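*Asks:* These are the residues of each chain, in order.
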Amino acid sequence: MAAISLSKSGIGAAIRALVLMVVAGVASIVAPAMAHPMPQSFVSVRAEPRNWHLALRLPGDRLSVAFVQAGLLPDPGPGYTALPVPTAGQVGTYVLDRIAARSADGGGWGEKVVAVQPPRGKVDEWRVDVDLTPPAGTSPQTLVLDYDVIVREIATHSAVVSLDSDWYRGVQPQAPHIIGALRADVRTLRIDRAKGGMFTGLGDVFTLGMRHIAEGTDHLLFLLALLLPAPLLAAGRHWGGYGGARHTVRSLLKIVTAFTVGHSLTLILGAFGGWTVPQKPVEALIACSILFSAVHAWRPVFRGREPWIAAGFGLIHGLSFATVISAVGVDVWQKAAAILSFNLGIEAMQLIVVCLVVPWLILLARAGRYRTFRLCGAGLAAVASMAWMLERVTGKPNFVSTAVAGLLDHAIWGILALAIAAIGLTFWRKAPVRPAEAPTAG
Amino acid sequence: MLTCLANNFISTLSTSQQSSVQYSLTSSNATGYWSNLPTTLVTRHGLTLGSLSTTQKAAAMSLLNAALTSSGQTTMTELLAADDQLATSASGYGSGLYYISFLGTPSTSSPWILEFTGHHYTFLASVNGSYVSMTPNFVGVEPVTWTSNGTTHTPMGTRHDALLAMLNGLSSTQLASAKLSQAYDDVLVGPQKDGTFPSTASGIQVSSLSSSQQALVKAAIASYASDANGTGQYDAYVTDTALASTYISWASYSDLSTKGSYVRIDGPRVWIEFIVQSGIVFSANHYHSIWRDKSTDYGGNFTF
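For the record, the sequence lines run as chains H and G. According to the numbering used here, numbering within the first sequence proceeds without interruption in unit steps and concludes at 443. According to the numbering used here, numbering within the second sequence proceeds without interruption in unit steps and concludes at 294.
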């Protein structure tokens, strides 16, 4: 998703730091990526209401060696140039032979390989999905897993096991917990699913919603560009003077509410319906929505109809949100609660951003120094949106999108500078020696 | 001798350097801060060679060299040069990123360890009155061979050739009984795997070999253990009694050139493993190997 892929740059990093200070105990930070190749297997475990799910990632070269060692494929012999590669069917059978799930009292479970995906592109890694189902009448509370995949054949191999999702423990796919390692001398793992309350899961999804906005530079920029002319009155085809605090707050409320209604609608429908909307057009449209807002901030093109525009583009942003949350929650009730909670997180973060920025906009507008700021802001948003559009259509970052990302990394300083400028100008204007400037913004 | 040179090195350091080179002799300090991974991935303790002044580095090298025989000094010099060779193609490598530190205060009356560790070369020289052991000793190399200014370097050539000669000396029947049942993709008792030796030795017993074959086993052990200057470890490994319960084994391929080719020497005290792995920075294969001593790793100060 666009928002996540842009997360390292942008206002995101700065605002997230702020949020971390404001909201104590917020989300874990993703572990740094390892540069040295890690030749282990990875096993992601998901606790589902009535069964368990394993997602295996197996290094291709190790799997081939295991097949040779087990005599399932011919030995290429010393000095080989390439290892034999098993078929997907062989890999499925191999995995099934080497995985056994049972209850703590020893009763065997059903195991089913539901998907086998051969290595793709540069990543030499097989992906195998396995469902583990206890017999009817047996509790799925505790899983005892006997695991022999590759570790039976390669004495020095290990599989890192992480708990990917356990609703009641508050574990969500975005922040898996490592729970152990399986290797030649440790081939059994016992996992108890948590009996925690509803709230752990919800709190986590709420945080996820907040993070999604804080890290999603494009959502933020759209909102900010849309809010940019909020303090102003339209005068024909130009922006006129400051409309007063009451006008500002009212137009803000309308825009933010409309955006919320729009994205909530598609978020709810998309997440519930499990829609898989093609990401590329959605991301390109989101970039497009920023351009629209930027143009509007330059000249009032849809004067008076801002709430409708906000709602319309909200629908598109909601489609992007839906992809983040669609995997969360396992039954209807959990899903509904998760979507609500995620949405509340989004709203909370939106509100924080509005509160961080809007007071300075009002002060600037009152000081009669709004025009330059508005035009600069609109220009930046327009350039950024066009660079993103190009990036999302071509699939490659370009010079401008990289530069914008770098610039937005320092957005928190931008907000600080904005605050200082706004306060400074306010006092300067009030100083008796200086004649007041007419509010001629626009 | 080592204690004297250690204190000489320490005396060249500033107060803050002295505090960062000195650690207490605990099991976690000893076992936890060495690796075959680059120093950017696994934290090392102590001072890097790269951070030392000329005088300090000279004192450090005198100390390190004193722990090593001349063949050991060659091993160290060549492996550091290999890391410099890696540094020309990737960041995070190089001889400047090798760390020196002390576990326990160097003295003639109480135990202490000189730890030298970087990416592909680590030894822990343990002193307790006298010099007890230089194990664990990790020896790895990438690139396996290169030419620089007309000189060809093959830092692990002696080890590789001695181990290969040992395997090549076996008859096909002996080879078959020395083959392990599993494959390997790294050394088994590597960093942070202290004490995880298999409970029963696998492979072929050295006492069942002819005297010329046994001589090849001794030469292979010597290619590691004779790097230590005066620990007496090699002599202990090759007594008739010790050799009688020493086993040699291999996995996957016995040519020590095919990826996955693996060889092991497992005695009452000695433990040597050597594995051919695919390259990390360069495309050619590279080697990992380790020499451990089941009784005197870390001077025998800890049990695992």
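These are calculated hints, taken from the structure and not from any lab test. A portion of the hints provided could be inaccurate.
[Said to hold, decoys possible] Not everything, but these chain G residues come out facing chain H in the computed CB check (under 8 Å):
| no. | residue |
| --- | --- |
| 1 | Asp74 |
| 2 | Ala173 |
| 3 | Gly290 |
| 4 | Phe294 |
[What the hints assert, rightly or not] Listed below are several chain G residues computed to face chain H (Cβ distance under 10 Å; list not exhaustive):
| no. | residue |
| --- | --- |
| 5 | Asn19 |
| 6 | Tyr174 |
| 7 | Ala274 |
It should be emphasised that the depicted structure is a prediction, and the values quoted were computed from it without experimental measurement. We treat Cβ as the ideally placed atom computed from N, Cα and C, and that holds for glycine.
*Asks:* All the hints need checking, so say for each whether the structure fits it.
*Replies:* Hints, verified against the model:
1. Asp74: Because about 19 Å separates G/Asp74 from the closest Cβ in chain H, which is outside the 8 Å limit, the hint is violated.
2. Ala173: 4 Å, holds
3. Gly290: 24 Å, violated
4. Phe294: Check failed: Cβ of G/Phe294 comes no nearer than 14 Å to chain H, outside 8 Å.
5. Asn19: 23 Å, violated
6. Tyr174: OK, holds: G/Tyr174 within 10 Å of chain H, min 5 Å.
7. Ala274: 13 Å, violated
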